[in-house]
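2 protein chains.
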Amino acid sequence: MSAGLVALDELKRELAELKDLVGIASLLAWDQQVMMPSGGAAARADQLSTLGRIIHARATSPELGKLLDAAEPVTAGLDPDCDDARLVAVARYDFEKDVKVPADLRAAMTRVSAEFYPVWVEARRESDFGRFLPYLEQTLELKRRYIECMAPVTEPYDALLDDFEQEMTAATVRPIFARLKEVLIPLVRAAAASGAVDDTPLRRQLPVAGLQQMEQRVLARFGFDSAAWRLDTTVHPFETAIAISDIRLTTRYEVDGLESLFSSMHEFGHGLYEHQIAPELDSTPLAHGASLGWHESQSLLWENLIGRGLPFWERFASELTGVFPNELGSLAASDIYAMVNKVNPDFIRVEADETTYNLHVILRFELEQEMLSGELPLAELPQAWNQRMHDYLGIEVPEDRLGVLQDVHWSQGSFGYFPTYSLGHLRASQLWQRISTELTELSEEIRRGEFASLREWLRENVHRHGRKLTPAELQDRVLGGAIDPEPFIARLREKLAGIYGEALVV
Amino acid sequence: MSAGLVALDELKRELAELKDLVGIASLLAWDQQVMMPSGGAAARADQLSTLGRIIHARATSPELGKLLDAAEPVTAGLDPDCDDARLVAVARYDFEKDVKVPADLRAAMTRVSAEFYPVWVEARRESDFGRFLPYLEQTLELKRRYIECMAPVTEPYDALLDDFEQEMTAATVRPIFARLKEVLIPLVRAAAASGAVDDTPLRRQLPVAGLQQMEQRVLARFGFDSAAWRLDTTVHPFETAIAISDIRLTTRYEVDGLESLFSSMHEFGHGLYEHQIAPELDSTPLAHGASLGWHESQSLLWENLIGRGLPFWERFASELTGVFPNELGSLAASDIYAMVNKVNPDFIRVEADETTYNLHVILRFELEQEMLSGELPLAELPQAWNQRMHDYLGIEVPEDRLGVLQDVHWSQGSFGYFPTYSLGHLRASQLWQRISTELTELSEEIRRGEFASLREWLRENVHRHGRKLTPAELQDRVLGGAIDPEPFIARLREKLAGIYGEALVV
Chain A
0 MSAGLVALDE LKRELAELKD LVGIASLLAW DQQVMMPSGG AAARADQLST LGRIIHARAT
60 SPELGKLLDA AEPVTAGLDP DCDDARLVAV ARYDFEKDVK VPADLRAAMT RVSAEFYPVW
120 VEARRESDFG RFLPYLEQTL ELKRRYIECM APVTEPYDAL LDDFEQEMTA ATVRPIFARL
180 KEVLIPLVRA AAASGAVDDT PLRRQLPVAG LQQMEQRVLA RFGFDSAAWR LDTTVHPFET
240 AIAISDIRLT TRYEVDGLES LFSSMHEFGH GLYEHQIAPE LDSTPLAHGA SLGWHESQSL
300 LWENLIGRGL PFWERFASEL TGVFPNELGS LAASDIYAMV NKVNPDFIRV EADETTYNLH
360 VILRFELEQE MLSGELPLAE LPQAWNQRMH DYLGIEVPED RLGVLQDVHW SQGSFGYFPT
420 YSLGHLRASQ LWQRISTELT ELSEEIRRGE FASLREWLRE NVHRHGRKLT PAELQDRVLG
480 GAIDPEPFIA RLREKLAGIY GEALVV
Chain B
0 MSAGLVALDE LKRELAELKD LVGIASLLAW DQQVMMPSGG AAARADQLST LGRIIHARAT
60 SPELGKLLDA AEPVTAGLDP DCDDARLVAV ARYDFEKDVK VPADLRAAMT RVSAEFYPVW
120 VEARRESDFG RFLPYLEQTL ELKRRYIECM APVTEPYDAL LDDFEQEMTA ATVRPIFARL
180 KEVLIPLVRA AAASGAVDDT PLRRQLPVAG LQQMEQRVLA RFGFDSAAWR LDTTVHPFET
240 AIAISDIRLT TRYEVDGLES LFSSMHEFGH GLYEHQIAPE LDSTPLAHGA SLGWHESQSL
300 LWENLIGRGL PFWERFASEL TGVFPNELGS LAASDIYAMV NKVNPDFIRV EADETTYNLH
360 VILRFELEQE MLSGELPLAE LPQAWNQRMH DYLGIEVPED RLGVLQDVHW SQGSFGYFPT
420 YSLGHLRASQ LWQRISTELT ELSEEIRRGE FASLREWLRE NVHRHGRKLT PAELQDRVLG
480 GAIDPEPFIA RLREKLAGIY GEALVV
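Chains A and B, in that order, are what the protein sequence lines are. According to numbering that gives the first Met the number 0, the first sequence is numbered sequentially starting from 0. According to numbering that gives the first Met the number 0, the second sequence is numbered sequentially starting from 0.
Be careful, since some hints might not be right.
From the structure, some residues in chain B lie toward chain A, with a derived Cβ separation under 10 Å [unchecked claim]:
no.: 1; residue: K18
no.: 2; residue: Q32
no.: 3; residue: V33
no.: 4; residue: R247
Keep in mind that the hints were calculated from the coordinates and are not lab data. Bear in mind that the values here come from a model prediction, so they are computed numbers and not experimental data. Ideal Cβ positions, reconstructed from N, Cα and C, are used throughout, including at glycine.
The shape of chain A in the complex, shown without the other chains (with noise of 0.2 Å):
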């Protein structure tokens, strides 16, 4: 075996191990949210610490950088496309972003947001924004070492974006984000105007018991199978993969209506793309969904596409309402329909509407660049907060709590992040377009309960590459050119033609 080949044979070993200790990081934290007494914190926190360390150490080691000079070589010969030459591609990729972060930034990042987080936790409580601006101010001044360090970027909002959105750019997502608020602001006042939709019923709680009855019953139909996934309680909802049939998803029951049901949709999109990513890959950094935009287009497909539509209630309206008698009475398919889909501006944006939604995301974006560019003065980001709240929404904020306190991601130095919710958003519309041309039978399977199809397309056409593809040659290939909002504003219309009359879209 030449030097070359026996170099990527040990490069795939050590990638191996390095997967199987991300793995059982992963498993810590799970276990950590949905498992662990509360005395077990501070052990887990050093744990988690030293797995990280080892992690680091090793990802980041001049002897996997020896690895990768050995390898190219031989991967250089072969089909770009083939298992392998993605596998040092990625693995090049990664281990150069890692390697552009010195120790004492990694370490001073994860110390302030260590410290940043029960902050934020308690600041959000008391709905004071006063004890959370010294840590954003910090955090933000990393956030800029941190950009430095990625230089050259077109835009400093560019490196971080490219965390959670491979090649992504602000110049990309800025006109995107100005059409649609140039649809959505008009059509989300209209719609509360409007009164049309009554969703009272959904505005209460729901006997938990009743609720868990729905959920195993969709699941199983969508395809969750216990030997290869597991649904727990927490208090925020999250899906983890441990490993490609180790599949674990969380939902919470302290909320009103469906909205447990549809959480556990949600997660379940992300679920099946990490289950259905090929098994050869499973042992390899490939074994991820491609990023965080392309993860929650599918999280949204199954929730929103799938969930909040006719076809689904045409199927489940009479289960949900023979689980619940009591409470839902005779309600139809159109009526539940109806009211998932209402419009309704409100304050926080895990609980938005899909018409409302990307409006919470566009506020963060733009404030995000503010902040960073220095033009908006951290104090006075509360005020631009609201004051945004009011001209998109038309809501006035009453406190921090309900405002800008309301999401962790910065307390975790996670800037960047928010637009991925909107690039799936659309994907998932774009997809949702094509599979509607492709799999013509779709709407009448959902209404007998069948998932079977989707999740084969699904599987050809998205998970299975998992991160063989960047962001933007899955986007190429399955969709055939760049993020386009237009197939989500059309589906949205016509939704809400239907539902709030024709009147309101036109």
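Given chain A's structure and the hints, the job is docking chain B onto it.
Frame of chain A, contents of chain B only:
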């Protein structure tokens, strides 16, 4: 700071990280048995193996050896009982033991036991010793090589015992077991012949919900607190400590009568030991029990000395019959007490009562030595097993599933493990004797469902030390001398005399 102090600090940091990694491995194993979907098995095996390699590499690294060399002159000048001196001594002991085993032997042991385990599961199900035999041969061969690494030892078996009970020798165990046989064999025979106790009411399955209710009440009284403990369901009950404030117990319900309750009390005893180790030892290798024999003394103390004692049932009998009015009618405390102490010679060790249990262990101890020396040809193991079951318990083993194939231990390469169960029985009775003289109100407290003074006594005298004291040192300080079978024998005779009449024990 002197170079020695710097080295001591660095050593402590390294040991703390090793402890973190060991805690992580415990969590992976816990999750594997309790939570993991079956599809996660292959990835979990990889994760455990990668982590195991990292732990082993660090536990045997020349750098660790150098840190020990440099730190020892510092701790040589300290009180030998202080935390730092004990920490360095234990770390040295572990290091020297670990480096004795060459990497290829360790890899072979890991590989063979990974292969052996599923073969054992199959062989037991099919009652097919022939499938078990070749793996047993390989395992014993590896054990012999392992023993060579541990030279010099007085006799080979000592090297195996030492892994579970440091410094214990076969020469110490043999006369103790001879004494137990002398007493137990006739006692078992007499009790079996007497027929004085009818435990039919506890020979059937009780409803799981009621068992869980009883379990929660009892464990809450014992000191189980959800801020630091979990209790889950598994095929085989066990306890694992992820940290001293993160204790995880499991139990199972596919058993008759009150077995699940006793199993929970047993695992609680293990858990309390780890939970009450001095908090300042938590991030060191001292934060474990002193040995398996000490651990078992704690689990048996709660299971047998408390849970099968009359005062316990004077407190809990009416609660039990209140939970199971249809199944248990109006059984009195003394009825339940007699039933749960019935002498019942049977095939399966893990289901054995307190009187027959040690005979199961002695049989294994004797056979292990004969296998190791070659005195017993392995092909004749089933006959030798069955002969001893006849001689010790007076019963005829109908098939190997109920005989030689029943235990998991040999398939995991655990030889020399079984005697620690009996050492635990004997120590529990020695402890009980001393506790009874010091906590004179204990029976009264148990009748009131109060266990705080017992917990405190155990914390102060046994638990807090962790591994700071060797098993023999702890024995010496708490029990003032060697392991002694007489307190166990005396307590057993007194108990059986009360239940079966004086005639049984004269």
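Hints versus structure:
Hint on B/K18 holds. Least Cβ distance to chain A is approximately 8 Å, under the 10 Å limit. Checking B/Q32 against chain A by beta carbon gives a least distance of about 13 Å; that is not within 10 Å, so the hint is violated. Hint status for B/V33: holds, given a least beta-carbon distance of 9 Å to chain A, under 10 Å. Because the beta carbon of B/R247 sits about 8 Å from the nearest beta carbon in chain A, less than 10 Å, this interface hint is met.
Going through the hint list in order, the structure does not satisfy hint 2, though it satisfies all others.
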